[in-house]
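Fit chain Z to the known structure of chain G by using the hints.
Line by line, the protein sequences are chains G and Z.
Counted from 1, the first sequence has number 12 at position 12 by my numbering; the numbering is strictly sequential.
Counted from 1, the second sequence has number 295 at position 295 by my numbering; the numbering is strictly sequential.
For the record, the hints were derived by calculation from the structure and aren't laboratory data.
Just to be clear, a hint being listed does not mean it is correct.
To be verified - Derived Cβ-Cβ restraints for the label pairs, each shown as a range:
no., chain 1, residue 1, chain 2, residue 2, range
1, Z, 143, G, 73, 21 to 27 Å
2, Z, 61, G, 23, 21 to 27 Å
3, G, 46, Z, 42, 50 to 56 Å
4, Z, 208, G, 13, 35 to 41 Å
5, G, 62, Z, 193, 26 to 32 Å
6, Z, 19, G, 73, 22 to 28 Å
7, G, 13, Z, 257, 22 to 28 Å
What the hints assert, rightly or not - If you want the footprint, here are the derived chain Z segments under chain G, 3+ residues with CB under 8 Å:
no., region
8, 135-141
9, 147-159
10, 235-245
Glycine included, C-beta positions come from ideal geometry on N, C-alpha and C.
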Amino acid sequence: MAVTMVIGNRHEIAASLFSPGYTMASLIANEFTEATNDLHLSALMAVGATLLVITLVVNAFARWLVWRVGREQA
Amino acid sequence: MNQPIATVTPPRQPRIDRPSGRQTAFAERTRGTLLRRRVVNYVMVGLTYTAALLATLPLLLILWHLVKQGATTVSMDFFTSMPKPVGEEGGGMANAIVGSLIIVGLASAMGLPIGVGAGLYLAESKGTRLATLVRFLSDVLNGLPSIVVGIFAWQLLVRPFRQFSALAGAVALAAMMIPFVTRATEEMIRLVPVSLREAALALGYTRWRTSLTIVLRTALPGIVTGALVAIARIAGETAPLLFTAFGNQFWSLKPTEPMAALPLQIFTYAISPYDEWHAQAWAGALVLLILVLIISLIARFVTRSRFGPAAD
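Only chain G is shown next, with the shape it has when bound in the complex (with noise of 0.2 Å):
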């Protein structure tokens, strides 16, 4: 939500980081309550699942950092 109300909500990869953004999270945020269509509500379902896998993918990827430090020191 901090993001989302300073980030600038373009729907466009700018090449400069001083230019508005979006992210997936508050892309959700602002649109969630406006989708009336199933359409666009399950893109924005695909969005949050998205969010899920990178979750999911960054914590497995921690947990096999862990995982390894600690076999080296067995």
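Just chain Z now, kept in the frame of chain G:
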């Protein structure tokens, strides 16, 4: 027979420490290095000090801004009266404050027992495959963007009933709270000495009684702290409430209907184009921050009173 009566040992000369050849060589080799080490040491210590300062700087800046912008709007009226329509000065967030209390209360009622129970399970059976899986999934859920939790709750509790509800918001917040409480509980229970557990078992306690009345009891202050930190964290969440509790400009006390919440109200007011609403948003943010600070202070106090000085 010229033997001396007593052997007189000459007073010991203070030994002059002359470095041996090897030591000189070592000193020669490391003279430059020593200076370098000192410099590196100072630079690094300086950097950590700077980092520590920078870590607290955001909070100080936020606090300063909030007090500057919000303090004038906060009055008794702010806590007791309802939001005024656009264009009218004054008004308060009584409904949002009460709504936040209700939603956070409901979320805690759902999330805390599950979280503590799961944490107890993780600590009691650490080696099992299920425990490893639960731990991993808890970490994933803990890092999940709150907006995803929001759409999950929407799909689960709003869409089927075709009605935004405070209950759905509470479920979303509970889902955010559970993994945190689970992990905190597990860590706290791990700190309980094994000897205590063994003593209870030796006295004839069954395993479940040991877990519940000895282990959990001992870890309680830590668990309470974890729970309070979790509550402080969810109290400020906006994203999970956007499509669930939805917010409400009027009094709303029914959990099955849309309900106002402090973070939602702040968000709505902050992105609005009206100056009066911006002032209200600043004031709301100040109140929210103070509430969270109070909860955090209580959490510290709980840890301190039982374990002596807080271990930090």
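Structure-based check of each hint:
Restraint check, residue 143/Z to residue 73/G: a C-beta distance of roughly 25 Å satisfies the suggested window 21 to 27 Å. A hinted range of 21 to 27 Å for the beta carbons of residue 61/Z and residue 23/G is consistent with their spacing of about 23 Å. In this structure, residue 46/G and residue 42/Z meet the distance hint of 50 to 56 Å, their C-beta atoms being roughly 53 Å apart. Between residue 208/Z and residue 13/G the C-beta distance comes to about 56 Å, which lies outside the given range of 35 to 41 Å.
The hinted range of 26 to 32 Å is satisfied by residue 62/G and residue 193/Z, whose Cβ atoms lie roughly 29 Å apart. Between residue 19/Z and residue 73/G the beta carbon distance is about 39 Å. The supplied range of 22 to 28 Å is therefore violated. Here the CB-CB span from residue 13/G to residue 257/Z is close to 41 Å, at odds with the stated 22 to 28 Å. Chain G is given as covering the region 135-141 of chain Z, and this holds because 3 residues of the stretch bring a CB closer than 8 Å to a CB of that chain, at least three being needed.
For the region 147-159 of chain Z, the assignment as covered by chain G holds, since 7 residues bring a beta-carbon within under 8 Å of that chain's beta-carbons and 3 suffice. By the rule of at least three residues with a Cβ nearer than 8 Å to a Cβ of chain G, the coverage given for the region 235-245 of chain Z holds, with 4 such residues.
Violated hints for the displayed structure, listed by number in ascending order: 4, 6 and 7.
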